[in-house]
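Trainee: These protein sequence lines are chains C and X, in that order. Reminder that position 384 of the first sequence reads as 497 in the working numbering, one-by-one numbering, no gaps. Reminder that position 433 of the second sequence reads as 546 in the working numbering, one-by-one numbering, no gaps.
Hint data in this document are derived by calculation from the structure and do not stem from the laboratory. One should not assume that every hint holds.
It does not matter which identical chain is used: a pair holds within one copy or between any two.
Unchecked claim - Straight-line distance between alpha carbons at most 25 Å, and here's what the computed DSS-like set of lysine-lysine pairs gives: (1) K443 x K541; (2) K162 x K144; (3) K451 x K183; (4) K541 x K144; (5) K179 x K125; (6) K155 x K144; (7) K133 x K179.
Since we're looking at a predicted model, the values are computed, not measured.
2 protein chains.
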Amino acid sequence: MEEARNYHMSSKEFRDWGYKTIDWIAEYLEKVEQFPVLSQVKPGEIRAKLPDTPPQQGESFETILKDLDKIIVPGLTHWQSPNFFAFFPGNISAPSILGELISAGLGVQGMLWATSPACTELETHVVDWLVEMLGLPKQFHSSGRGGGVIQDSASSATLVALLAARERATADISQLVAYTSTQAHSAVEKGVKIAGISLDNLRFIEVDDSYAMSPEALKQCIVADINAGLTPFYIAATVGTTSSNAIDPIEQLGAIAKEYKIWLHVDGAMSGTAAICPEFRWIHQGLELADSYCFNPHKWMMTNFDCSCFYVQDSSQLIHALSIMPEFLKNQATESGKVIDYRDWQIPLGRRFRSLKLWFVIRHYGIEGLQHYVRKHVALAQEFANWVESDPDFELVVNPPLNLVCFRHQGSDQINQAILDTLNASGKLYLTSTKLGQKLTLRMSIGQATTERVNIEQAWQLIRKAANCSE
Amino acid sequence: MEEARNYHMSSKEFRDWGYKTIDWIAEYLEKVEQFPVLSQVKPGEIRAKLPDTPPQQGESFETILKDLDKIIVPGLTHWQSPNFFAFFPGNISAPSILGELISAGLGVQGMLWATSPACTELETHVVDWLVEMLGLPKQFHSSGRGGGVIQDSASSATLVALLAARERATADISQLVAYTSTQAHSAVEKGVKIAGISLDNLRFIEVDDSYAMSPEALKQCIVADINAGLTPFYIAATVGTTSSNAIDPIEQLGAIAKEYKIWLHVDGAMSGTAAICPEFRWIHQGLELADSYCFNPHKWMMTNFDCSCFYVQDSSQLIHALSIMPEFLKNQATESGKVIDYRDWQIPLGRRFRSLKLWFVIRHYGIEGLQHYVRKHVALAQEFANWVESDPDFELVVNPPLNLVCFRHQGSDQINQAILDTLNASGKLYLTSTKLGQKLTLRMSIGQATTERVNIEQAWQLIRKAANCSE
Chain C
114 MEEARNYHMS
124 SKEFRDWGYK
134 TIDWIAEYLE
144 KVEQFPVLSQ
154 VKPGEIRAKL
164 PDTPPQQGES
174 FETILKDLDK
184 IIVPGLTHWQ
194 SPNFFAFFPG
204 NISAPSILGE
214 LISAGLGVQG
224 MLWATSPACT
234 ELETHVVDWL
244 VEMLGLPKQF
254 HSSGRGGGVI
264 QDSASSATLV
274 ALLAARERAT
284 ADISQLVAYT
294 STQAHSAVEK
304 GVKIAGISLD
314 NLRFIEVDDS
324 YAMSPEALKQ
334 CIVADINAGL
344 TPFYIAATVG
354 TTSSNAIDPI
364 EQLGAIAKEY
374 KIWLHVDGAM
384 SGTAAICPEF
394 RWIHQGLELA
404 DSYCFNPHKW
414 MMTNFDCSCF
424 YVQDSSQLIH
434 ALSIMPEFLK
444 NQATESGKVI
454 DYRDWQIPLG
464 RRFRSLKLWF
474 VIRHYGIEGL
484 QHYVRKHVAL
494 AQEFANWVES
504 DPDFELVVNP
514 PLNLVCFRHQ
524 GSDQINQAIL
534 DTLNASGKLY
544 LTSTKLGQKL
554 TLRMSIGQAT
564 TERVNIEQAW
574 QLIRKAANCS
584 E
Chain X
114 MEEARNYHMS
124 SKEFRDWGYK
134 TIDWIAEYLE
144 KVEQFPVLSQ
154 VKPGEIRAKL
164 PDTPPQQGES
174 FETILKDLDK
184 IIVPGLTHWQ
194 SPNFFAFFPG
204 NISAPSILGE
214 LISAGLGVQG
224 MLWATSPACT
234 ELETHVVDWL
244 VEMLGLPKQF
254 HSSGRGGGVI
264 QDSASSATLV
274 ALLAARERAT
284 ADISQLVAYT
294 STQAHSAVEK
304 GVKIAGISLD
314 NLRFIEVDDS
324 YAMSPEALKQ
334 CIVADINAGL
344 TPFYIAATVG
354 TTSSNAIDPI
364 EQLGAIAKEY
374 KIWLHVDGAM
384 SGTAAICPEF
394 RWIHQGLELA
404 DSYCFNPHKW
414 MMTNFDCSCF
424 YVQDSSQLIH
434 ALSIMPEFLK
444 NQATESGKVI
454 DYRDWQIPLG
464 RRFRSLKLWF
474 VIRHYGIEGL
484 QHYVRKHVAL
494 AQEFANWVES
504 DPDFELVVNP
514 PLNLVCFRHQ
524 GSDQINQAIL
534 DTLNASGKLY
544 LTSTKLGQKL
554 TLRMSIGQAT
564 TERVNIEQAW
574 QLIRKAANCS
584 E
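Bound conformation, chain C alone:
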């Protein structure tokens, strides 16, 4: 063996560099509003600053930290800027960052209960808490046959729900038909493709004026498929679509699902968090008819990505679809049948200790604190919508149910695209677009932790100014 040399960073050095890293983050978050929200670099610009070859010998941590400012920061799109209004929010918080830090420091891997019981049990506990906090149906609580788990994303939740539904169905895979709305997330199509089901067997059901799935159209389509000898097996409904925040009518869709014995998955990735406020719980009306449900604390609940809470009403169906037990994973606890092994609830085998950050967030803010942010963001969005409505140059494309405002300039798609490009190139805010009713539509998504009324006012001024220059 070669001569020992001190490659290990000592405990003292770790503390020193740890404090400096904490300071670096604190400073970054203090000044994040000053950076262009959408990174203004050109393709290849970041790589060009990195050395072609990896270092033969180690470098000092000081050099590494300096390169963060020099190389990395200019290449960031600042999701934590109060002027980030693109896509959906991915709001984070100090307790969540520190929860991630602890998780990294422990370096445990929770694939089995035995590989860190606290990792599994804390996860079951906080996802149960969230059943209560959001007023979700009791079927999703672990005290019965159901329960929850943290997935990396709603895409994965959509996929594992589909896999459980596919295994529950008895027909041949070529006969199975899945349903979702024309407005559903691309994850449904991706999931169907991954699961080996032909895209010819995925139906995009039409929507009503609010862009919510039409139960009548769904039922007609199901009946036609059954008459054609096919087997409907999976409906993916959405509470808060990505394009426009449309709320599919779960109660009516659920009745259809029950009638035809079809798995109903409800994706509340973005909007589910709203249910922490009793006045917004109407979005989940009928959820007791769903076989599975998910929402993402990593979007609107101050929790770092990745953290998507996924619930099933009968966990045995999920485990049946995903469990394979090799010799090298056998252990006493699993064989006792008294524990949950979350590896059987997800695609990968390994898993991080993700419930720590969620536990930290819930305890730091309390239900009250989390309600505060949801109410603030919804109120800001409603105020913004009023400004749009009262401006003759602009129109609301739909009435915003919560915190996403879909609007457009009354002019052509070209004008709207020009407004969007001008705003994003300014670096002063970041907006994205969609198409609704075949027209280019701007999306003002309000949900960053530090977004205040002044940010919304400034955004509206910039939008109107960009419109004046684009007309």
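Starting from the structure of chain C, add chain X where the hints point.
Mentor: Below, chain X without anything else, positioned relative to chain C:
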């Protein structure tokens, strides 16, 4: 809107609690050897300490940190203990923890190049560095048609490779046949199932005396399937199997794959890291014949879970299998065709800034530092194997190629199980088992960052003592 109240943790508070969290981790890692390696709690014991209902109002961070020691630590299995010899290692390091911390603090989401160009470009850059560091074939470098990406796990890498192979094959899904060895990871079977391929169409090829896949048996099986009108489409080979670290003969398997135009995926999750030392590069002999490859820096390269590097020789095949472009993700950069959008290389849509920690690790240790740990662990394993071999009560089950020693007491399976249970219940070390040649076999997996010769000596003493008490 309700009266503003200060739910936000101030920058100053974040610094204070951040320092204390860093201290907490430093202290945890200093004393990690003192805890029972395998958590000794009973099912439900951790949950019983947690309050039934979530807090209505926020709690102080001090209380939260205290509960870590009181509630969480007793429920941990200590993966970072120098006496953790179970499964495979999941070694971490100070620079990696701080890299995770920065990633959490930035809170960016890298689904598209545009959503943080540095997240994408740094990732491409470090996975390219690793092609050089491990001496991987040039086809996996991004300068050509191929390239790499960070996945959450080797399970996901196995799956996306299989999906790309499935899409490349032109036959109906019911005609496709996949091949792996009897010793392959359960992820292959899980992936086949997820992809909608019947488990009847997965062949477990027999192995030779070293538990490596037999090319002759593979070829016979492929020919028989073709003669039966089926279409072989995917071979999953392993460099370092989970049970025994067996190295499949990639060169011979690759020749067969080329002859029959079958996708060859090589899973080097555990052992791939060894190739950072030129003397161990023989494990990858023939890798230029593979369509895809992965290895996990989160196992043996001092990088926190999750971080699995996955490479393809033609990225367009992967993108073809996984890309779906909805309106709400359209953007100028993607449309220019000049950038990589890594969302099309993986199952989920969202992604964390995982390359930061890997960049930190490579820069802190340099190639030389990472080589040091691999050499140390392999040398310790070889020394341990010598002790086993020279003890009349024990036998080596296979010659250990690298850092995993498979051994057993000469007695019955019951004796070996009793030895295992005694050791794990002692809390002084943690070992897991497998079956090789139908016999229960103990696995001594050496790869934690802080494991030294003294830990191996102590383990061997405890094993012999447990054997004396179990005979």
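Trainee: Give a verdict on every hint.
Mentor: Taking the hints in turn, this is what the structure says about them:
| no. | hint | in the structure |
| --- | --- | --- |
| 1 | K443 x K541 | between (55 Å within a copy, 20 Å between copies) |
| 2 | K162 x K144 | within (23 Å within a copy, 40 Å between copies) |
| 3 | K451 x K183 | between (52 Å within a copy, 23 Å between copies) |
| 4 | K541 x K144 | within (14 Å within a copy, 48 Å between copies) |
| 5 | K179 x K125 | both (20 Å within a copy, 22 Å between copies) |
| 6 | K155 x K144 | within (23 Å within a copy, 47 Å between copies) |
| 7 | K133 x K179 | both (11 Å within a copy, 23 Å between copies) |
Of the numbered hints given earlier, the model fails none.
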